[in-house]
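With the sequences and hints as input, model every part of the structure.
Number of protein chains: 2
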Amino acid sequence: MTRRELIAAIQKKRSVLCVGLDTDLTRIPAHLQQEDDPIFAFNKAIVDATAPYTVAYKPNIAFYEAEGVAGWQSLDKIVKYIRQHYPDIFLIADAKRGDIGNTAERYARSFFHTLDFDSVTLSPYMGKDSITPFLGHEGKWAIVLGLTSNKGSADVQQLSSDDERVYQKVMRTVAGWGSENDLMFVVGATNESDLANIRQRFPRHFFLIPGVGAQGGDLNTVLSQTFISGEGGVLINSSRGIIYASNDQDFAEAAGREAKRMVGEMEGFF
Amino acid sequence: MTRRELIAAIQKKRSVLCVGLDTDLTRIPAHLQQEDDPIFAFNKAIVDATAPYTVAYKPNIAFYEAEGVAGWQSLDKIVKYIRQHYPDIFLIADAKRGDIGNTAERYARSFFHTLDFDSVTLSPYMGKDSITPFLGHEGKWAIVLGLTSNKGSADVQQLSSDDERVYQKVMRTVAGWGSENDLMFVVGATNESDLANIRQRFPRHFFLIPGVGAQGGDLNTVLSQTFISGEGGVLINSSRGIIYASNDQDFAEAAGREAKRMVGEMEGFF
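Protein chains in written order, with the numbering used here: chain E, 1 to 270; chain U, 271 to 540.
If you're looking for bench data, these hints aren't it; they were derived computationally from the structure. Glycine is no exception: its CB is placed at the ideal position from the N, C-alpha and C atoms. Careful: at least some of the hints might be erroneous.
Far from chain U, some chain E residues (derived; all Cβ distances over 12 Å) [to be verified]:
hint : residue
1    : Ile7
2    : Ile61
3    : Ile131
4    : Gly152
5    : Asp155
6    : Trp177
7    : Ser193
8    : Ile228
Simulated DEER-style distance windows between Cβ atoms [unchecked claim]:
hint : chain 1 : residue 1 : chain 2 : residue 2 : range
9    : U       : His407    : E       : Glu164    : 53 to 61 Å
10   : U       : Phe540    : E       : Gly216    : 24 to 32 Å
11   : E       : Gln33     : U       : Gly534    : 54 to 62 Å
12   : U       : Asn517    : E       : Gln249    : 39 to 47 Å
13   : U       : Gln303    : E       : Asp248    : 34 to 42 Å
14   : E       : Asp162    : U       : Glu462    : 32 to 40 Å
Every beta carbon over 10 Å from chain U, so not counted as near; a handful from chain E, in silico [unchecked claim]:
hint : residue
15   : Arg3
16   : Glu5
17   : Lys13
18   : Pro29
19   : His31
20   : Ala62
21   : Gln84
22   : Tyr86
23   : Tyr125
24   : Ala154
25   : Asp182
26   : Phe270
See below:
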């Protein structure tokens with residue numbers, strides 16, 4: 001999906017919501033556990049209920065890998081299901097990959113071709129040759145970790161480097177490898193005091209923003225500091241807050257309600 | 271595999287060789303392409319030919335993921351095959367994973383339980399909660415990126431931070447989270463001038479050292495700076511130099527010869 005198409009989807013739905021499909025087999029409602037593929041059945045119901053409010057889905061690859069071959073089958077099925085039924089959805093593989101050039105090329109093939117994702121999250125620790133294989137593919141995106149939403153972001157990202165933080169230097173360097181058309185950054189919602197500054201430094205890049213909801217970030221604060229009028233410029237991710245809004249028969253309905261509520265909060269920014 | 275067991279395997283085989291199973295479907299010899307599972311058939315032949323000289327195998331997960339569900343099936347099969355036939359082998363999932371705590375727990379389950387690896391390579395960019403879920407499992411290891419062998423290591427790892435490099439600070443911090451019994455570091459062979467210094471700072475940690483051979487590192491130089499007498503303390507990885515030593519009918523024999531040759535070069539250090 002190109003930048004132009006993504007912005008069109010955002011404007012049409014008046015939403016920058018991304019739903020994180022961190023689907024944990026042990027948290028799937030009891031009545032779905034008898035299905036052939038409970039992970040797929042759960043995801044399908046969540047997607048059908050939330051798609052009217054959602055511009056992106058972000059399966060967290062760890063949750064599928066943890067189930068081995070069966071997990072990869074479920075992942076493949078949900079990607080195909082979304083592609084077939086909701087063609088205007090932006091698909092993110094939340095994989096945090098990062099390896100040397102010849103290996104990075106394989107990961108790019110895995111997520112852009114074997115699985116038909118629009119984008120994949122990447123860790124920049126190994127530098128340029130670990131990122132560039134994901135750039136320059138028409139309609140495909142690298143989403144590189146900038147400043148993450150977890151406590152551990154202090155350990156490496158926030159180290160000082162000359163008169164900056166490591167993450168600031170990293171984001172500046174990484175920005176030079178791609179463009180606003182094939183490169184986004186992960187910027188955690190829990191670093192509220194840094195968001196405005198990061199937006200100022202990167203006025204046109206899309207940010208994928210996790211950490212709203214379960215992790216503590218406030219949606220209004222985040223949008224007021226990062227939203228780009230007429231473009232959106234952000235994808236606000238919520239995972240557990242939506243997909244586990246209820247763990248009963250009404251889980252999908254509850255997820256839909258919660259997605260709708262969040263999109264309602266975004267209305268003032270459009 | 272515990273530290274004691276790993277050291278015993280090293281002493282018995284007089285080898286610190288790790289063979290990287292970066293198995294690329296397009297580079298598998300023509301006569302294997304008709305097999306049901308060419309990736310497994312190739313790996314099996316390589317393992318059978320090199321096991322007498324090898325203490326560790328390191329499948330590069332990207333090469334399996336790139337083939338989707340079928341790739342994960344091949345990976346599962348080769349792990350089970352090695353476990354069954356070569357019980358004294360140390361198994362490394364070269365995955366470079368790194369994500370927030372609840373996700374890291376899933377990756378730990380994926381590689382330590384769903385697949386029966388002894389260890390997994392990890393990227394430290396997201397900090398403590400991305401690493402600790404892999405620590406403290408009896409006989410299982412986190413292998414954290416320190417200074418990597420690729421050109422891109424300059425972009426983040428070699429940035430200055432106060433009076434150190436980022437990778438130095440990161441390795442020191444990470445070392446505080448685990449012990450020499452559950453934590454190793456990846457240290458690239460191509461950074462020859464830094465190896466002695468890194469060993470001095472971490473006198474008892476195992477280092478997984480890629481970059482010998484195809485990437486240009488010299489085995490003798492590397493061992494003279496990092497080998498620990500009586501323990502080994504290093505796993506020297508070679509991937510392409512061994513598994514693609516020949517791309518003809520004799521590929522397995524050629525791989526065995528090349529592994530044997532490398533182990534011969536290690537003899538002087540035991």
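Going through the hints against the structure:
For Ile7 (chain E), the requirement that its beta carbon stay farther than 12 Å from each beta carbon of chain U is met, with the minimum near 28 Å. Distance to chain U contradicts Ile61 (chain E) as a non-interface residue, since its nearest Cβ pair spans about 9 Å, not more than 12 Å. Under the 12 Å C-beta cut-off, the non-interface status given to Ile131 (chain E) relative to chain U is violated; the minimum distance is some 8 Å. Distance check on Gly152 (chain E): its Cβ comes as close as 2 Å (rounded) to a Cβ of chain U, failing to clear the 12 Å threshold; non-interface status is violated.
A beta-carbon of chain U is positioned within 12 Å of the beta-carbon of Asp155 (chain E); the least distance is around 3 Å. A beta-carbon of chain U is positioned within 12 Å of the beta-carbon of Trp177 (chain E); the least distance is around 9 Å. Annotated as non-interface, Ser193 (chain E) keeps its C-beta farther than 12 Å from every C-beta of chain U; the closest such distance is 18 Å. For Ile228 (chain E), the condition that its CB be more than 12 Å from all CB atoms of chain U holds, with the nearest at approximately 26 Å.
At about 37 Å, the beta-carbon gap between His407 (chain U) and Glu164 (chain E) misses the expected band of 53 to 61 Å. Remark: the range hint 24 to 32 Å for Phe540 (chain U) to Gly216 (chain E) is contradicted by a beta-carbon distance near 54 Å. Checked against the hint of 54 to 62 Å, the pair Gln33 (chain E) and Gly534 (chain U) passes, with Cβ atoms roughly 56 Å apart. Hint check: Asn517 (chain U) to Gln249 (chain E), Cβ distance near 57 Å, so the stated range 39 to 47 Å is violated.
Distance hint check: the CB atoms of Gln303 (chain U) and Asp248 (chain E) are about 51 Å apart, inconsistent with the given range 34 to 42 Å. The supplied range of 32 to 40 Å is broken by Asp162 (chain E) and Glu462 (chain U), whose beta-carbon atoms lie about 27 Å from each other. Chain U leaves Arg3 (chain E) outside its interface by the beta-carbon criterion, the shortest separation being 25 Å against a cut-off of 10 Å. Non-interface status of Glu5 (chain E) relative to chain U is upheld: no Cβ of that chain comes within 10 Å, the nearest being about 25 Å off.
Non-interface call for Lys13 (chain E) relative to chain U: holds, since the shortest CB-CB distance, roughly 27 Å, exceeds 10 Å. Every beta carbon of chain U lies more than 10 Å from that of Pro29 (chain E), the smallest distance being close to 19 Å; the non-interface claim holds. Distance check for His31 (chain E) against chain U: the nearest CB is about 24 Å away, which clears 10 Å, and the non-interface claim stands. Non-interface status of Ala62 (chain E) relative to chain U is broken: a Cβ of that chain comes within 10 Å, the nearest being about 4 Å off.
Interface exclusion of Gln84 (chain E) from chain U stands, the closest Cβ pair being 17 Å apart, more than 10 Å. Remark: the non-interface label on Tyr86 (chain E) is consistent with the geometry, its nearest Cβ contact in chain U lying 21 Å away (cut-off 10 Å). With a closest Cβ-Cβ approach of about 4 Å to chain U, Tyr125 (chain E) is found to fall inside the 10 Å limit, against its non-interface label. The Cβ of Ala154 (chain E) sits about 6 Å from the closest Cβ of chain U, inside the 10 Å cut-off, so the non-interface label is violated.
Every beta carbon of chain U lies more than 10 Å from that of Asp182 (chain E), the smallest distance being close to 18 Å; the non-interface claim holds. The claim that Phe270 (chain E) lies off the interface holds: its Cβ sits roughly 30 Å from the closest Cβ of chain U, which is beyond the 10 Å cut-off.
In summary, the numbered hints that this structure violates are 2, 3, 4, 5, 6, 9, 10, 12, 13, 14, 20, 23, 24.
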